[in-house]
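> Going down the list, the sequences are from chains A and B. Going by the numbering used here, the first residue of the first sequence is number 1, and it counts up by one from there. Going by the numbering used here, the first residue of the second sequence is number 465, and it counts up by one from there.
Be a bit skeptical, because a hint or two may be false.
Residues from chain B shown here face chain A by an in silico Cβ test under 7 Å; the list is partial [claimed, not checked]:
hint	residue
1	F523
2	A595
3	N624
Calculated pairs, EDC-like style, for lysine to aspartate or glutamate (alpha carbon to alpha carbon, straight line, at most 16 Å) [stated by the list, open to error]:
hint	chain 1	residue 1	chain 2	residue 2
4	A	K154	A	E118
5	A	K184	A	D29
6	B	K526	A	E415
7	B	K499	B	E615
8	B	K521	A	D460
9	B	K526	A	D102
10	B	K473	A	E118
For the record, the hints were derived by calculation from the structure and aren't laboratory data. Only a predicted model underlies this, so the values are computations on that prediction, with no experimental measurement involved. Just so you know, even glycine gets a beta-carbon here, dropped at the ideal spot from N, CA and C.
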Amino acid sequence: MSESKPESGPVINPRVTWEGCSVLLDINDGDRLVFARLSAGSTLKIGNKSCSLQPLIGCTFGSLFQVEIGKEKPYLSRFVPPTDDSNVQDEGGSQLQEESRDNRAIIDNNQAQTLTGEDIDAMRRQGATGNEIVEALIANSATFDKKTQFSQEKYRLKKQKKYAPRVLLRRPFCRSICEAYFKKYPARIGFLRVDALSLLLSMANATANSDVLVVDMVGGLATGAVAERLGGSGSVCSTYLGGTPYPTEIIRMFNFSDEICKTIMLFKICTFFHFSSEFCGVPSMTCAQFKMKPVSESANMKMTIQWREKTSLSVGTEDVYLSSKNGDTDLVPENKLSSSSKTCKAPKAGEKAPKQAIQSWKENGFSSLIIAAPEQDAWGLVKDLLPLLTYSAPFAIYHQYLQPLATCMHNLQLEKMAIGLQISEPWLREYQVLPSRTHPCMQMSGTGGYILSGTRMYTDTSQS
Amino acid sequence: MLLMDSSKKISFNRCIREGDLVIVYEKHDTMKAVKVCENSVLQNRFGVFKHLDWIGKPFGSKVFSNKGGFVYLLAPTPELWTLVLSHMTQILYIADIGFVVMYLEVVPGCLVLESGTGSGSLTTSFARAVAPTGHVYTFDFHEQRAASAREDFEGTGISNLVTVGVRDIQGEGFPDEFSGLADSVFLDLPQPWLAIPSARNMLKQDGTLCSFSPCIEQVQRSCETLRSDFTDIRTFEILLRTYEVREWKMDHSKFEDGSSIAGPPCKRRQPSSEASVGDDTSFPAVVARPSAETRGHTGYLTFARRKCVS
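Just chain A, same shape as in the assembly (with noise of 0.2 Å):
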């Protein structure tokens, strides 16, 4: 076992953040989730007052910050928990089964809290900090020792999260982007749930050195997926039908290196066709011929216009933005790079695929296909999109909806394109595991959407 241990390289697998990176803020513990691009001008807007956000530039993903409220304004400070204090409401298991609290004596009517409002803003002015002001409120409640433990914990949790709210750096990679975004916007990714972006992911044997083909209506997400497994060799290339690209915007906050974004192509398909008729002997079809239900083109515009709006990646439900001192935008907009600081800049994804590239894909195929068009009939899109590649390649094409998958798959069952077919839907159940409170959580997702994936057959192009 002693040969020369790997490392990870940083430019890789970066763990420390830096200027003008990305990053995803949890807020209080998953009530809210910020995207936002670190830089000395950026802020955070929490309740009503701003945070710079420059604290958290050159720090560990995964770093604990909370908000402190100085005599001046309010900052982030980094917040190390004491290993005791942490996950309080598994604190002695034993202690539960001696409680002898309830609270039949307790009644809500708002009267049980002694100090004021105006207090606790003279205990701020003079210095307190969040957990002391925390910990005078519950010194001050009449009802506090009456409750249980567990409801002692929640009052504290609850009034922690009020005067000092607590925000964790968190990486964006595929899964805590894809976690936001479906417990925010899901339409905005089709409903496109972890478990069944992962399992795209897999099927579609999505991994270094391979090309893999990609039809992303779902903002970018699956084609930021997929570059990440690629790591920066191999290529994604993103197609497209009708005129303009679709929106890619979350790729930008996977934090891409040059390298990885090099993988990422665009290329449309009416081209494609054109080509593969003079190269492939595969019969062209003309533009005409895909009878395509029309993306909701408004539903679109709409994505682009919001983000252009608000230079801002938030996926909180209140207003969040980021403000920038000297007047730059943090955010780089798809076809423009930013002329300030070099620090500041997003590399770009999603160039036109280079001639060689398209030479490569014609000659060799593409070594599988990840469809995310959850609105579109995907027949129409498997049919044309099949014979672009190799043989004995695999494929997974995901779905909001059970028909359109079921037609697609009895068509290539007829037509004899592929085997090992199968649709798939996902079942994902999450558990809450506490001592003597074990179980399945209350709330659950009801979909995740279905999968159709398969591995395409030869076929003997001389009798076609």
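Put chain B on the given structure of chain A with help from the hints.
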């Protein structure tokens, strides 16, 4: 498996060669991994297949036996490999594997520690995820199983990405040489809480851990142990429901009043020998229903992140 080596990558031009590993596909749930050797044959219910006939054909081809039966020859992928292995040992299935790799945030260049190795099905998917610059160190306390796994990894061409060690992780923990270097740790052990303190030492800050346990008691105990040094502790169950698809001809002529059970609107006419367009007695529809047999449980997946202390 083939993809990771550019010279062996599947493509339009790449044909089956001597020494290649192929997946022989008989039907959906019957597959077998075979190493191509020009003098060998494959014998099954469809007859005798000569390997020599396979050489020079593209992957994905249909090949025939002496009796006219046929099978398909597919290029190996970790998913097909898992299905091939599934008849041998108790393993994690595709849904669990895919979810674990994503949730552990395994990407090219990562260092992954795993115990136990078992049949190497998950290990193969880890190898795929860390290629080409990362590495998977997997440990099993059963010497024979470790040796057998090593052979498999040679056969599937991933042995440069995986190192198999014989070690009792529950008793001894992971080797010190990996301290602070692991991006992810995966545990499939009967008593994972015994290995968690060692896992804590191996992981980088914010590194990910996953423990797979069939029983809820194991999960409870693991979570208890995780709480001191880990955060973001979440436990899931994941299952895959499959659907059967059929064509269903519904006979309209039975309804005198002209009403009918309309099938879902078919966007395309089936191009095969269906009734002519003007047919008014039957209306083919494609219908789907969940498969009657399905898996009820594989195990609970508990994930956690190593706390940041600096």
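> For each hint, tell me whether it holds in the structure or not.
We went through each hint and held it up to the structure:
For B:F523, the shortest C-beta to C-beta distance to chain A is roughly 4 Å, which falls under 7 Å, so the interface hint holds. Checking B:A595 against chain A by beta carbon gives a least distance of about 4 Å; that is within 7 Å, so the hint holds. A least Cβ separation of about 10 Å between B:N624 and chain A goes past the 7 Å threshold, and the interface hint is therefore violated. The straight-line distance between the Cα atoms of A:K154 and A:E118 is roughly 24 Å, outside the 16 Å bound, and the hint therefore fails.
For the given pair, A:K184 sits about 14 Å from A:D29 by alpha-carbon distance, which is consistent with the 16 Å threshold. Taking the CA atoms of B:K526 and A:E415, the gap is near 15 Å; set against the 16 Å cutoff, the hint holds. Only pairs whose Cα atoms come within 16 Å are accepted, and B:K499 paired with B:E615 is accepted, the gap being roughly 13 Å. This hinted pair checks out: B:K521 and A:D460 have alpha carbons roughly 11 Å apart, not beyond 16 Å.
Distance restraint check for B:K526 and A:D102: the Cα-Cα separation of roughly 71 Å exceeds the 16 Å cut-off, and the hinted pair is therefore not satisfied. Taking the CA atoms of B:K473 and A:E118, the gap is near 71 Å; set against the 16 Å cutoff, the hint is violated.
Violated hints, listed in ascending order, are 3, 4, 9, 10; each of the other numbered hints is respected by the structure.
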